[in-house]
Amino acid sequence: MDDFKKDLKLQIIEALNLQGMNPDDIDNTAPLFGDGLGLDSIDSLELMVLLERNYGIKIEDAREGRKVLESIDAMADYIQANRKK
Amino acid sequence: MAETTPAFYLVNMFNPVYITSARAICAQDTFSNNNLPEEIKVFEQNILNYHEPDYKQYFTIMQLRRMTRIIKIGLVTAIEALKDAKLEHPQAIITGTAKGSMTDTEKFLHDIVDFNEGTLNPTAFIQSTYNALNGLIALHHNANGYNSTYVHRGFSLENSLMDAIMLFEENRIENALIGCFEEMTAEHYELKKKMGYWKNEAMKNINLLDSSTAGTIAGEGTFFLTLNKNAENAIATLSGLRMLYNADEALVKITFKNFLAEHNLSLDEVDAVFLSYNGNIETRHFEDAISQQLSPSTNQLAFKHLCGEFDTAAGFALWAATKVLQHQTIHPSLIFKKGTSSTLKNVVIYNQYNGKEHAFYLLEKQ
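Residue numbers (this note's numbering), protein chains in the order written: chain A, 2 to 86; chain B, 5 to 370.
Excised from the complex, chain A in its bound form (with noise of 0.2 Å):
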């Protein structure tokens, strides 16, 4: 499970082009958006075309995608459990 999140935060980093940061720099239990990584809402959209793209998991319900973008926990949690591929 840690190198999956390892992975996760590679995948997160090169989508929202954050520079100069590495996985280490990224807590999995801080929160991803407002006071932790500081992620916007157009980051969230972007993390759900990357959810999409590389997992095969739509989110179309806002309230489940808020829940599952709180942090690198409960996003690699809910990958594992539902992810097409």
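It cannot be assumed that every hint is accurate.
Here are the simulated lysine to any residue pairs, SDA-like style, with alpha carbons at most 25 Å apart [unchecked claim]: (1) LYS111/B <-> ARG54/A; (2) LYS6/A <-> THR123/B; (3) LYS196/B <-> ILE51/B; (4) LYS111/B <-> LEU11/A; (5) LYS60/B <-> LEU19/A; (6) LYS111/B <-> ASN55/A; (7) LYS85/A <-> ASN125/B; (8) LYS68/A <-> LEU113/B; (9) LYS60/B <-> ASP25/A; (10) LYS85/A <-> THR109/B; (11) LYS45/B <-> ILE339/B; (12) LYS196/B <-> LYS360/B; (13) LYS86/A <-> VAL117/B; (14) LYS60/B <-> ALA16/A; (15) LYS111/B <-> ASN18/A; (16) LYS60/B <-> ASP41/A; (17) LYS111/B <-> ASP25/A; (18) LYS60/B <-> ILE43/A; (19) LYS60/B <-> ARG54/A; (20) LYS111/B <-> LYS68/A; (21) LYS60/B <-> ASN18/A; (22) LYS86/A <-> THR123/B; (23) LYS6/A <-> ILE65/B; (24) LYS59/A <-> ILE130/B.
It is worth saying that the hints were derived from the structure and are not from the lab. Please read all numbers here as calculations on a predicted model, not as lab measurements.
Chain A is fixed; fit chain B onto it per the hints.
Okay, now just chain B, sitting in the frame of chain A:
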């Protein structure tokens, strides 16, 4: 098309507007000192790419990560133009661009194909829209006023200026930020190459004006200036602007004469003329038509060997003309044919893009 589409021109008589600052980012280092550099950059190939500034002085890493090249360049140019004019909240932001962010447009279009019209990245789509830069400038400067982007190919800059001038005439604004921006990508270069825009042979930019073959060299550039209704703190005056579409050489010639007459200027009173020579043997007869009737006193200047050709390259001439009038000197790299005039009061710009869109500007010393 040239035979069936009638030529037309717009008579644009207006009260002068005052230029209070002008900024440029292009293939030459025009940004560091807001003037042409002592040493002109020589390009061996047919694309003159941007000399980019250090963005980290302007934006945090979190801001930079979402901005593509033309957005960063445009925003930095606008920031400095506003800073020079000591104008924090422009009452209007009006730009012109023929293609906007090509990088984002290409990415978005490729994604549509690659992902079979499925889920697409929002960032590339947002930034591929022509008015994305205007929106960012407005957000950055908390400017809630008039905001518009003109996408009119070779007339994009001229239309943005005309819009500002009309707003001034109607007393709707006192100041405005005007600009144009264009970028060239490898893919766009190849597409235009197939259309015959560029030279087949590699051409050094410094040899461009001596070329005797068809086609030109590609460039890119972003130019911003602030306009004011009042003359206070002005560095130059924009007194005339004329657009002429799909004209032949004879009409270009007559229009130039009429343009000067409308502003009560004789040929002898024109101190410098910027001519849009771009090394294309097939269109140079337009510039020749102007050049041949000029007085020996007039300094004939060229600029596309410095910035390359693109739809809004007139922005370079507009910026350079402002610098000529502001500093009362002509950079040696601009001189095409030196004139005897020792004063620099009236400067005309003649620009044609691809033989279709012709524009005349008149600038005066403030």
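Cross-check of the supplied hints:
{"no.": "1", "hint": "LYS111/B <-> ARG54/A", "verdict": "holds (16 Å)"}
{"no.": "2", "hint": "LYS6/A <-> THR123/B", "verdict": "holds (23 Å)"}
{"no.": "3", "hint": "LYS196/B <-> ILE51/B", "verdict": "holds (12 Å)"}
{"no.": "4", "hint": "LYS111/B <-> LEU11/A", "verdict": "holds (21 Å)"}
{"no.": "5", "hint": "LYS60/B <-> LEU19/A", "verdict": "holds (14 Å)"}
{"no.": "6", "hint": "LYS111/B <-> ASN55/A", "verdict": "holds (18 Å)"}
{"no.": "7", "hint": "LYS85/A <-> ASN125/B", "verdict": "holds (20 Å)"}
{"no.": "8", "hint": "LYS68/A <-> LEU113/B", "verdict": "violated (31 Å)"}
{"no.": "9", "hint": "LYS60/B <-> ASP25/A", "verdict": "holds (23 Å)"}
{"no.": "10", "hint": "LYS85/A <-> THR109/B", "verdict": "violated (30 Å)"}
{"no.": "11", "hint": "LYS45/B <-> ILE339/B", "verdict": "holds (16 Å)"}
{"no.": "12", "hint": "LYS196/B <-> LYS360/B", "verdict": "holds (16 Å)"}
{"no.": "13", "hint": "LYS86/A <-> VAL117/B", "verdict": "holds (21 Å)"}
{"no.": "14", "hint": "LYS60/B <-> ALA16/A", "verdict": "holds (21 Å)"}
{"no.": "15", "hint": "LYS111/B <-> ASN18/A", "verdict": "holds (15 Å)"}
{"no.": "16", "hint": "LYS60/B <-> ASP41/A", "verdict": "holds (21 Å)"}
{"no.": "17", "hint": "LYS111/B <-> ASP25/A", "verdict": "violated (30 Å)"}
{"no.": "18", "hint": "LYS60/B <-> ILE43/A", "verdict": "holds (22 Å)"}
{"no.": "19", "hint": "LYS60/B <-> ARG54/A", "verdict": "violated (32 Å)"}
{"no.": "20", "hint": "LYS111/B <-> LYS68/A", "verdict": "violated (30 Å)"}
{"no.": "21", "hint": "LYS60/B <-> ASN18/A", "verdict": "holds (15 Å)"}
{"no.": "22", "hint": "LYS86/A <-> THR123/B", "verdict": "holds (16 Å)"}
{"no.": "23", "hint": "LYS6/A <-> ILE65/B", "verdict": "holds (23 Å)"}
{"no.": "24", "hint": "LYS59/A <-> ILE130/B", "verdict": "holds (21 Å)"}
In this structure, the earlier hints numbered 8, 10, 17, 19, 20 are contradicted, and the remaining ones agree with it.
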